[in-house]
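Q: If you want the building blocks of each chain, they are given just below.
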Amino acid sequence: MFDLSGKKALVTGASGGIGGAVAQALHAAGATLVLSGTREAPLRELAATLGERVHVVTADLGNAEAVEALPKAAAEAAGGVDILVNNAGITRDNLFMRMSDEEWAQVLEVNLTSSFRLCRAVLRGMMKARWGRIVNIGSVVGATGNPGQGNYAAAKAGLVGMSKSLAYEVASRGITVNCVSPGFIETAMTEKLNEEQKGRILAQIPAGRMGSASEIAAAVLFLTSPEAGYITGATLHVNGGMAMI
Amino acid sequence: MSDIADRVKKIVVEHLGVDEEKVTESASFIDDLGADSLDTVELVMAFEEEFGIEIPDDAAETIQTFGDAVKFIQGAV
Numbered sequence: 001m002f003d004l005s006g007k008k009a010l011v012t013g014a015s016g017g018i019g020g021a022v023a024q025a026l027h028a029a030g031a032t033l034v035l036s037g038t039r040e041a042p043l044r045e046l047a048a049t050l051g052e053r054v055h056v057v058t059a060d061l062g063n064a065e066a067v068e069a070l071p072k073a074a075a076e077a078a079g080g081v082d083i084l085v086n087n088a089g090i091t092r093d094n095l096f097m098r099m100s101d102e103e104w105a106q107v108l109e110v111n112l113t114s115s116f117r118l119c120r121a122v123l124r125g126m127m128k129a130r131w132g133r134i135v136n137i138g139s140v141v142g143a144t145g146n147p148g149q150g151n152y153a154a155a156k157a158g159l160v161g162m163s164k165s166l167a168y169e170v171a172s173r174g175i176t177v178n179c180v181s182p183g184f185i186e187t188a189m190t191e192k193l194n195e196e197q198k199g200r201i202l203a204q205i206p207a208g209r210m211g212s213a214s215e216i217a218a219a220v221l222f223l224t225s226p227e228a229g230y231i232t233g234a235t236l237h238v239n240g241g242m243a244m245i
Numbered sequence: 001m002s003d004i005a006d007r008v009k010k011i012v013v014e015h016l017g018v019d020e021e022k023v024t025e026s027a028s029f030i031d032d033l034g035a036d037s038l039d040t041v042e043l044v045m046a047f048e049e050e051f052g053i054e055i056p057d058d059a060a061e062t063i064q065t066f067g068d069a070v071k072f073i074q075g076a077v
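Sequences listed follow chains A and B, in order. Be aware that the first sequence starts at 1, since it is given in full-length UniProt numbering, and climbs by one per residue. Be aware that the second sequence starts at 1, since it is given in full-length UniProt numbering, and climbs by one per residue.
Hints listed in this document are in silico derivations from the structure and should not be mistaken for laboratory results. Treat the hints with care, as some may be off.
[As the list claims (entries may be wrong)] Derived PhoX-like pairs (lysine-lysine); straight-line CA-CA distance at most 25 Å: (1) B/K22 to B/K9; (2) A/K192 to B/K71; (3) B/K22 to B/K71; (4) A/K164 to B/K9; (5) A/K128 to A/K72; (6) B/K71 to B/K10.
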């Protein structure tokens, strides 16, 4: 089950907690990886712990030219892209009334527009191969909203609509496009929360705990597997019951 | 028939799974040969590879029939 031997996977945001766990899971299933992120050192570190079948291509997804160059560089390094995991994301939280155009635009650019551009670029190879897997990492707040995250929630909800539209277009070519939407996950980002903030969040989660990055990675691995070939346009929520949608 | 037309026809026949005799000069990919819009994108991709050329999107839109494709490629190679 879930054998990705011979498949080449591009994972963006691989230096982050969830991205790193996704990379590990896909690699353990046999995939050849291209790890992408803005900072080279943590990517190299991750690559070193994974061993063979791993390439590193740095890219700042806030830069349109870098986004254009990434899929080409990834395909050259690995010999193609069969699996794309759009995981990179940033937050620029602010109350709606105080949110600047720049905060809005930056979050949309990295979280939504770069995903669009990367999807578009990898489709050609996937259509020829009659096989492809795209998994976009959304967020529970894309479905529920969250105060202070108007930009982030808009981008994450946008990913869902984009994924469904693309899923329609390429389903007949053996390409699936899905979203995995994490709830609260233990990462560097949530480590910064104080006990009171954590307590308030945990009260909303029926599972009574935060999720782990590896639990997101397991959902991504499933959707990239040959076994999930009949699942497309779906959003898999991984949130401990926080939002049952 | 020119060599280019033969190669284009071969791609069309293979990609759309149609009989060779249906691929006439005025045959429309969508109306006569059963292509959907994604097929036409894939055909253009296949032409680009076969002939080592680049077909920009606005030009691709004008390629509606087998004859259009041959004419465009003859001008581009």
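Q: Take the hints in turn and mark each one as holding or not.
A: Status of each hint after checking the structure:
| no. | hint | verdict |
| --- | --- | --- |
| 1 | B/K22 to B/K9 | holds (10 Å) |
| 2 | A/K192 to B/K71 | violated (63 Å) |
| 3 | B/K22 to B/K71 | holds (18 Å) |
| 4 | A/K164 to B/K9 | violated (34 Å) |
| 5 | A/K128 to A/K72 | holds (16 Å) |
| 6 | B/K71 to B/K10 | holds (16 Å) |
In terms of the numbered hints stated before, the structure departs from hints 2, 4, listed from lowest to highest.
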